[in-house]
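Between the sequences and the hints, there should be enough to build the whole structure, so can you do that?
Going line by line, the protein sequences match chains W and S.
Taking our numbering as reference, the numbering of the first sequence is continuous, increasing by one, and the terminal residue is 1129.
Taking our numbering as reference, the numbering of the second sequence is continuous, increasing by one, and the terminal residue is 196.
Just to be clear, a hint being listed does not mean it is correct.
Using C-beta positions, here's what the derived DEER-type ranges look like [what the hints assert, rightly or not]:
(1) S:K161 - W:T952: 52 to 60 Å
(2) W:A962 - S:T195: 27 to 35 Å
(3) S:E126 - W:R963: 43 to 51 Å
These aren't lab readings, by the way, just hints derived from the structure by calculation.
Bear in mind that the values here come from a model prediction, so they are computed numbers and not experimental data.
For every residue, glycine included, the Cβ atom is placed at its ideal position computed from N, Cα and C.
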Amino acid sequence: MDDTYMKEMEGLRARMAKLEKGQENKLSAVVFSGGLDKGLASMIIATGASAMGLEVSLFFTFWATPLLRAKGKKPGPKDFFGKLFGAMMPRGAGKAKLSQMHMGGMGTAMIKNIMKKKNVASLPELITLAGELDVKITICEMSMDLMGFTREEMIDYPNLHYGGVAAFVAEAAKSKVQLFI
Amino acid sequence: MSNTKVDLELDLKGLACPMPVVKVSKGIKEIEVGQVLKAVTTDKGSLTDFPAWAETSGNEILDTQEGDGVFEFYIKRTG
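As structure tokens, this is what we get:
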């Protein structure tokens, strides 16, 4: 075999290795929406993907951030806007509302009731399950800051991190599946 | 498939998505490679979900039985 052929082969091999490295068996999702429905979709996909053997990483930002607030934890000192946001935003996944047909609480109560009857796991249950399955959750530091949430008032979750856009993009760039919910 | 030797049986009746797949993925780790897991579900979605899970996780569904709204899966751990 001549030299140019060998060189070409070598180049191809290097490119293959690079491609393989760039595609990990991983799912990265931005969870942006705070609605009960989209929260459920996010957590069902996350737990399902983990069961299928994918590594799963969720980045909670903006309206989805309050889904990770704990029910009874003390937030610590806050400024005026922090207190205002804290009072206006749902305190945890159990308080999330449907993004459609909330109907002053009637729609959300109805769907929760039907879910219980049909034995569908609730959003807080799914978050606990995700923790058991080692689903990684990164909370957007900027959203925390913007809404005045403190780390003390967020849920106790085994694989919980705080980070910014680079933390998400670095993982997403290597993931086979990327979602924005 | 009643003569297949089952090493572990999971009763997943009444559970809804994503629980059947989550439980079966936990169950398969409790048996050795080559052993067989039997999973019983009532979730119609598991008919398409279980084969998809098996393909992705590298396990083999030996047989599927349907009747009376109950689905039985015989899954061999290969991955």
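Here is what the structure says about each hint:
About 58 Å separates the C-beta atoms of K161 of chain S and T952 of chain W, a value consistent with the hinted range of 52 to 60 Å. Hint check: A962 of chain W to T195 of chain S, Cβ distance near 33 Å, so the stated range 27 to 35 Å holds. Roughly 48 Å separates the CB atoms of E126 of chain S and R963 of chain W, a value that falls within the hinted 43 to 51 Å.
Checked against the numbered hints given earlier, the structure satisfies every one of them.
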